[in-house]
Amino acid sequence: MEKILLKNIDNPNSADINEYIKVGGYGSLSKALNMQPKEILEEVKKSGLRGRGGAGFPTGMKWSFAIADPNFPKYLLCNADEGEPGTFKDRPILEKNPHLLIEGMAISGYVLGSEFGYVYLRGEYPYAKDVLNKAIKQAHEKNYLGDNILGKGIRFHLAVYQGAGAYICGEETALIESIEGRKGQPRNKPPFPVNAGAWGLPTIVNNVETLSNLPYIVEAGGEAYSKTGNKDCSGPKLFCVSGCVNKPGVFELPMGTSLRDIIYKHAGGIKDGKKLKAVIPGGISTPVLPADSIDCAMDFVSMPKAGSMLGSGAVIVMDESVCMVRVTHRALKFFEHESCGKCVPCREGTEWLRKILERIENGKGREGDVELLSDVAGNISGKTFCPLGDGAAGVVMGMLKHFRNEFEEHVKNGNCKFQI
Amino acid sequence: MFNETVLKEINEIRAKYPDRRSALLPSLYIAQREFGWLSHEAMQFVARTLNLPEAEVRGTASFYAMFKHKPVGRNLIQLCTNVSCMILGSEGLLDFLNKRYGVEPDGTSGDGRFSLVIMECIGACGTAPAMLVNTDFHDNLTEQRIEEILEKYK
Amino acid sequence: MITLTINDKEITLDKPLTVLEAARQAGIKIPTLCYHEALKPYGGCRLCVVEVERMPRLQTACTLMAADGMVVKTESDTVSKVRRGILEFLLINHPLDCPYCDKAGECELQDLVNKYGPTVGRYIEEKRRVPESHKDEIFTRNMSRCVVCTRCVRMCGDVQGASAISIMGRGNRSRMEPFSAESFNCEYCGNCLTVCPVGAILSRLYIHSFRPWQVDKEVETICSYCGVGCSLVAQVRDDAIKRVIPRMGFGLNKGLLCSRGRFGYEYINSGERLKTPLVRKDGKLVESTWSEALGIVADKLMKVKNSHGGSALAGIASPRCSNEDNYVFQKFMRMACGTNNIDSISRTGFAAAQKYFEDLLGQGTTANIIEGLKNSETIFILGGDPTAINPILGLAIREAARRGAKIAVLGNAKGLERFKTLQLVPSVFKEADVLEALLNEIYNVKGLRGENPALDKGIRALYEKAAAAFDMQGFDNLKKILLDSASTAVVLGMDLLQRTDGHRSLFAIAGLIYLLEARLYLLSEKPNEQGVVDTGCVPDMLPGGRPLGIHDFKRKFEAAWNGVIPENEGLTLLEIIEGAKNKKIKALYIMGENPVFNLPNESFVSEALKSLDFLVVQDIFLTETAEIADVVLPALGWTEKTGTYTNLERRIQLQKKAVETSNGMEDWKIIAEISNKMGYRMNFADSKEVMDEIAKVSPLYRDLTYQEISKGNCLWPYNGEPLRGEISEAPAVFKTANEYKGDFYLAVEKPLFHSGTLSRRSPALMKIYSEPALKVSVKTAEKLGLNEGDRVQFFTQIGSKEAIVSIDESIKDNRVYYSNNFKGNGIFSLLTFNIDKLTKMPGLEGCEVKIKKL
Ligand SMILES: Cc1cc2nc3c(=O)[nH]c(=O)nc-3n(C[C@H](O)[C@H](O)[C@H](O)COP(=O)(O)O)c2cc1C
Ligand code: SF4
Ligand code: FES
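Chains as they are written, first to last, in this note's numbering: chain A, 1 to 420; chain B, 1 to 154; chain C, 1 to 854.
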């Protein structure tokens, strides 16, 4: 498959604007500025592009909500918070192909009638920050950003906003709170950001990868784009594979590639000749799948049917030596640490879950603890303010669904037979 | 109070956003850079510079894990122990850091050379285990690699 | 119209509401914890979950907008189970220390657990413990009990606008703290206490002293501190006020209070209260009996009246006393003593300004409701900080700012630092120049309205002799804001009027109000400044604002009062003091006022009063003035008697008796008794009868009853007849040639935490603000090399003081501020005054100050 998102990425100077231009970069922007914003929107709709941040919302539809009122200024926010554990797919774009994102944002800004865009970059990516800032400066100098882009009288400015270590800021309304200089706690919806987002104005939040698809869609057309992937979910997708595999890394593959292929074909199969035990397919917030459930297509529609979610496409592979109690315990430490504290079930529930898991792992489990885990997770699930809490509960429920006996053995024996 | 250069820097950031409050996180980063950590005094400066309530400045700062509310050593080791790194042994590296450099999570070594914090995934899972030292990424960590790497940080 | 069904009940709404509000309207209770009617929906606690048909998840009723056709179930097994689960979560880390917690009995968590909660705990780990904090003098914080509903933080930030507390940390490490983590550097409004559903923040004033169910009674009354007149509830046990709380939606303050109203009540129980009459014998005040003391007073006053005539007597009324007290007082002065020499401290500000505006703009000019401020497009604030002088009015300004109003401030106003759009700080004594220039420019653009000959003429005359255009940073902006605004309110404090040429500013402001069709709000420090005027405690008007000079009125009052009212207008306050000094006034009756401390130039005032033949002071404390009196009569205070007060909106409200005490007698009653002894009969059984008489004789208060008044919406002109006198000539302007060349100027601090000399007997307020400091700007501090806490000596023409320096960033000029609230340490003792010939206000002169670091 032709690489769209990771194009040119092996070139050591890929982040430089001249290298980018050499391979046709910013051609789409100048093509776009000769089109009507509406035409481009049509192409985006035709492409079938769905948001790559995790929820998979159709991008064209989101945009048309925001465009509804032409009189309001709008903000375009790029979600580069990439906080979902196991996820490192946006990083190569940010560090090695920043102009692809900038071009994508400039096109999007044009379509949306937005004059200001911000990249909300997680604080843990200091290198990407420098790369992006430099790239933005270059794009400015070459008139791909600024007050009169390519002499067409189009205005679009871009700035990087650095997060400071809060996973919840990946959630779009929390991200908006954060960029406004507040704690990153999610907002009530409605109003949705497309109606009243950052600084009270209509705001579009899109993931890095989502926006990076724009140059190609403009260049090749929505129709051509939609040929990649499968019917409901089109285009290329970045999958990042980590854990017990031979060749971990980021792979650009068609949407809907099977989980088995991702692990065995692309990531080189399980390390040290061990057996696969379980996979977390879409980042830590998605339910675990046991080894025998990996013949599923990795896309937004098939994964829920398989009992999990595509999430951010972050595949965490665990072999037979990994203890599921330990993984769950570590995951819950994460959720407890990252709970924003706004709603009761998440704030208190994640702590409680973590404590129960801790005692089970430390051999201090009690009879009834597995039921208690399941019950507490049930009391969280579906009752929280935002999906973070659901994610925490989902992890526990997924683990109990497939590996309940491991938890029970732990309680009974005080330990387990796994190395990790 | 901040010196003129810093005030200028903050004012330039302010100009990028529709509201002065947006400059809060960037200003906290600057204060942390200038003072090493966010003392009450540093947060007061930020509050004054942006005409924001002190309590809200501190409340906001305390929400974010990367702002430090106590002094840190000369170098900050940020080791990821989330699942991908854990599976590949990062928790063992914690013990190593403690034994070899005398530094515990959320603590600082006696000589003030290193502080250590545990990170929740730093986006380097493909090359796990990984850590950030100050602003540099280091991955595929082993005990030996850590020794080599930390040589550079005095 | 929206029609929805909740629990099979069809509900029709005429405006958009949340499901929770719709349910409450229909009498359906949905449990809540983070929701509070005064705050924006939050959706954090999740207790208000309900089932909504065709919606996949349970929904939080507090955030969900009701929609047409919605079908909602608020109670079901699913919902109950969820609520139980949530409460279980809330309890895992809760200390369950109800037996020891002062909130028990009025704790929302306790009640909810009682109704929905789990009965056994499944949590076995150690609880999260946060040590209780007693670091603050007023609040205790117990963060183990906190449920992180953030109601306190939202109240403090979104409503009070102080933003002094925040949730620190995140997730399960969240806890409410002030910036310092210890004491609260805040406005001490205590509104956080009102909204805390559990015992996480409590007031140290009542902690461990009683249980909520142990109060004998709750009395709805109004606050005694400032001219806003907030409603509050006094909780009484064993004839002592245990606690003061506001009630949501109740009174013009709608459930909010300020520090003085909430925490300042203890003065009433002070051990320093006067309890028996005192009489000077051999140069010393000694305890006496009522009959002896009253006899002496009647006797002395009669003697002076008989030998020197009524004009040798004078009375000073009180804006802290009720309308009934003041009415009886002026009637007594006029009819028993035969003099119109009656005035009050209100003359130094409010009353003088009010008269000036009414003369020019018509009666009722200042009768504007505070609530209305919130909807103004522009608010122009000058002469003081409304958030300190009249805090609840200040909140309306902050609310307006949040709604997008432009807030233009002339001078310093600390409480509006984060709310103002624009601030101009003219140098000392240049305010009138700025205002005149502003008026000229506005006139230049807008022209005259042709509706008020006096103002039209005056504005034109001013314009014709105007100097060149005014050059000051922000001036043009201010002009533009005012010109562009469709609805402007002017909020005026007295600071910039207390000048020898204060009337110049007054004219310019009147002109601006006229041209801009703006509404006027006069800040009022004391609770009944309007009432003293309206009940006739002024030298030139009878009750109801009836001019003494109009014979018809005078005759009517004479008929009703059965006697002769002296012909000539009396002396104003400062003229009375001067009169005492000149021996023209021989005897002075002071009711509830402390001129020695509260007027500039203490030594002059106290000498003047010492040269009187006879001085009576009626008060609740032995004030600086009472100390030099010949007879001191103990009066009753707040909650000890019933009476009405007229606030700055000209709303009459009822202050009610809540406790029985033998400390003293009602002010009006003491005076009536003396009057009777002097041969002028006054027979009132109670204050209600006094009101009945007022309602009968004063055309402004026709048919007013306590019943009517207690509804809280008795606003000017009540049921009465307003007077619409018009003057055709704007008052002349007296040019004064004050040129000040000092480097620094002394100004009176009006602190939020104090009010006159009353608050110094409130232990809580004394703890919050215990010692005056010399407040200086950052620049002043730099110039003088001063640091926070340094000791300095400062000098004016007539004296000097030592003080601690406090640097205040909200001061933008070379004024230095010092308060006039602390015993033996008032700034007025360092200031001299001249009388503004027109308004009779004191011009605070001699305020150039030299500061020496010690
Ligand atoms: C708890 C939580 C964390 C999230 N983190 C991220 C993130 O790190 N990066 C991201 O792009 N989207 C994240 N999202 C999804 C965003 O809310 C949002 O759906 C996305 O930015 C929309 O962009 P897209 O339509 O391009 O996917 C997160 C959502 C939740 C609920
Ligand atoms: S589920 Fe609740 S506490 Fe958790 S992150 Fe979302 S809003 Fe915050
Ligand atoms: S009252 Fe609705 S969530 Fe708290």
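Some clues are possibly wrong.
Cβ pair distances, simulated, as ranges [claimed, not checked]:
#, chain 1, residue 1, chain 2, residue 2, range
1, B, ASN51, C, LYS767, 25 to 31 Å
2, C, ARG403, A, GLU141, 40 to 46 Å
3, C, LYS779, B, ASP136, 41 to 47 Å
4, A, GLU141, C, ARG402, 40 to 46 Å
5, C, GLY404, B, HIS69, 32 to 38 Å
6, A, LYS364, C, ILE804, 32 to 38 Å
7, C, ARG402, A, GLY27, 45 to 51 Å
8, A, GLU409, B, ARG100, 31 to 37 Å
9, B, SER39, C, SER810, 19 to 25 Å
Mimicking BS3-like on lysine-lysine, the simulated pairs with C-alpha atoms at most 25 Å apart in a straight line are [claimed, not checked]:
#, chain 1, residue 1, chain 2, residue 2
10, A, LYS137, B, LYS16
11, A, LYS142, B, LYS16
12, B, LYS16, C, LYS420
13, C, LYS812, A, LYS189
14, A, LYS134, B, LYS99
15, B, LYS8, C, LYS812
16, B, LYS8, A, LYS137
17, C, LYS127, A, LYS355
18, A, LYS129, B, LYS152
Computed list of chain C residues with no C-beta within reach of chain A, every gap over 10 Å [unchecked claim]:
#, residue
19, ALA26
20, CYS45
21, GLU125
22, ILE167
23, ASN185
24, LYS303
25, GLY362
26, LEU424
27, ASP433
28, ARG546
29, GLY563
30, SER728
31, GLY742
If you're looking for bench data, these hints aren't it; they were derived computationally from the structure.
The beta carbon of each residue, even a glycine, is placed where N, CA and C say it ideally should be.
Results of checking the hints against the structure:
1. B:ASN51 x C:LYS767: 25 to 31 Å: 29 Å, holds
2. C:ARG403 x A:GLU141: 40 to 46 Å: Given about 43 Å between the Cβ atoms, the range holds.
3. C:LYS779 x B:ASP136: 41 to 47 Å: The hinted range 41 to 47 Å holds for LYS779 (chain C) and ASP136 (chain B), with Cβ atoms some 44 Å apart.
4. A:GLU141 x C:ARG402: 40 to 46 Å: Check passed, 41 Å falls within 40 to 46 Å.
5. C:GLY404 x B:HIS69: 32 to 38 Å: Once the Cβ atoms are compared, 36 Å apart, the range 32 to 38 Å for HIS69 (chain B) and GLY404 (chain C) holds.
6. A:LYS364 x C:ILE804: 32 to 38 Å: 58 Å, violated
7. C:ARG402 x A:GLY27: 45 to 51 Å: 48 Å, holds
8. A:GLU409 x B:ARG100: 31 to 37 Å: 35 Å, holds
9. B:SER39 x C:SER810: 19 to 25 Å: Holds: the Cβ-Cβ distance is about 24 Å, inside 19 to 25 Å.
10. A:LYS137 x B:LYS16: 14 Å, holds
11. A:LYS142 x B:LYS16: Measuring from Cα to Cα gives roughly 20 Å; hence the hint holds.
12. B:LYS16 x C:LYS420: 22 Å, holds
13. C:LYS812 x A:LYS189: Given that 25 Å is the threshold and the Cα spacing comes to 42 Å, the pair is violated.
14. A:LYS134 x B:LYS99: 40 Å, violated
15. B:LYS8 x C:LYS812: 22 Å, holds
16. B:LYS8 x A:LYS137: 19 Å, holds
17. C:LYS127 x A:LYS355: Answer holds: LYS127 (chain C) to LYS355 (chain A) is near 11 Å, not above 25 Å.
18. A:LYS129 x B:LYS152: 23 Å, holds
19. ALA26: The claim holds: ALA26 (chain C) sits with its nearest Cβ about 23 Å from chain A, beyond 10 Å.
20. CYS45: For CYS45 (chain C), whose nearest Cβ neighbour in chain A is about 5 Å away, the distance does not exceed 10 Å, so it is violated.
21. GLU125: About 5 Å separates GLU125 (chain C) from the closest Cβ of chain A, which leaves it inside 10 Å; violated.
22. ILE167: Non-interface label on ILE167 (chain C) violated, nearest chain A Cβ at 7 Å vs cutoff 10 Å.
23. ASN185: 21 Å, holds
24. LYS303: 73 Å, holds
25. GLY362: The claim holds: GLY362 (chain C) sits with its nearest Cβ about 41 Å from chain A, beyond 10 Å.
26. LEU424: For LEU424 (chain C), whose nearest Cβ neighbour in chain A is about 28 Å away, the distance exceeds 10 Å, so it holds.
27. ASP433: Consistent with the label, ASP433 (chain C) stays out of reach of chain A, its closest Cβ about 39 Å off (over 10 Å).
28. ARG546: 53 Å, holds
29. GLY563: 67 Å, holds
30. SER728: 51 Å, holds
31. GLY742: The claim stands: GLY742 (chain C) keeps its Cβ more than 10 Å from every Cβ of chain A (closest is about 42 Å).
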